[in-house]
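Based on the provided sequences and hints, a complete structural model is requested.
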Amino acid sequence: MLAIINAELELLSLIIKHPESFDSPTSPTFVSDLYVIPKSKDLGIIGIAEIVIGLSFLGEVVGKDGKPVPLVRLAHGFEILFNLKFGSIYDKQDAIFMRKPFNLTKTLDALKNAINKEARKRANKH
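Numbering of the sequence shown is given in this note's numbering, commencing with residue 610 and proceeding in unit increments.
It should be emphasised that the hints constitute simulated quantities derived from the structure, not laboratory data. Built from N, CA and C at the ideal position, the CB exists for glycine as well. Don't take every hint at face value.
[Unchecked claim] Label-pair distances were calculated between CB atoms; the ranges are:
{"id": "1", "residue 1": "R731", "residue 2": "N692", "range": "27 to 33 Å"}
{"id": "2", "residue 1": "E669", "residue 2": "M707", "range": "22 to 28 Å"}
{"id": "3", "residue 1": "I613", "residue 2": "I660", "range": "51 to 57 Å"}
{"id": "4", "residue 1": "D651", "residue 2": "K676", "range": "29 to 35 Å"}
{"id": "5", "residue 1": "K734", "residue 2": "I646", "range": "28 to 34 Å"}
{"id": "6", "residue 1": "E619", "residue 2": "A704", "range": "57 to 63 Å"}
{"id": "7", "residue 1": "A723", "residue 2": "L667", "range": "16 to 22 Å"}
{"id": "8", "residue 1": "D674", "residue 2": "S649", "range": "34 to 40 Å"}
{"id": "9", "residue 1": "K694", "residue 2": "V670", "range": "17 to 23 Å"}
{"id": "10", "residue 1": "N692", "residue 2": "I625", "range": "36 to 42 Å"}
{"id": "11", "residue 1": "V670", "residue 2": "L713", "range": "16 to 22 Å"}
{"id": "12", "residue 1": "K730", "residue 2": "A704", "range": "31 to 37 Å"}
{"id": "13", "residue 1": "N725", "residue 2": "K694", "range": "27 to 33 Å"}
{"id": "14", "residue 1": "K648", "residue 2": "P628", "range": "46 to 52 Å"}
Here it is, written out as structure tokens:
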């Protein structure tokens, strides 16, 4: 037991004398400066959830292993990107599927309309 204590004291002494040798590499933490207006008309947190859920069902967002990422992991990435919290993404999914059929894809429809509007503006310039 004494040998272990002496070894630990020697290690502590080395750490104090040469701290640079003991620095563990840390990966930089990503901090996003993007925010979603929480209760905006066409987006908000539930709108981002709609996008996340749609991407998850599409199954074409993959991890390093090449396999589609689970909904929770995809949701977490969006939480980090947009500085928001879904709470339970599954609760948001339930809320989306409880919408009336004409509102089921409210945010995706708004995105489609925004792209079409811009396309019309660009077409009119030429």
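When the hints from earlier in the document are held up against this structure, which numbers fail?
none
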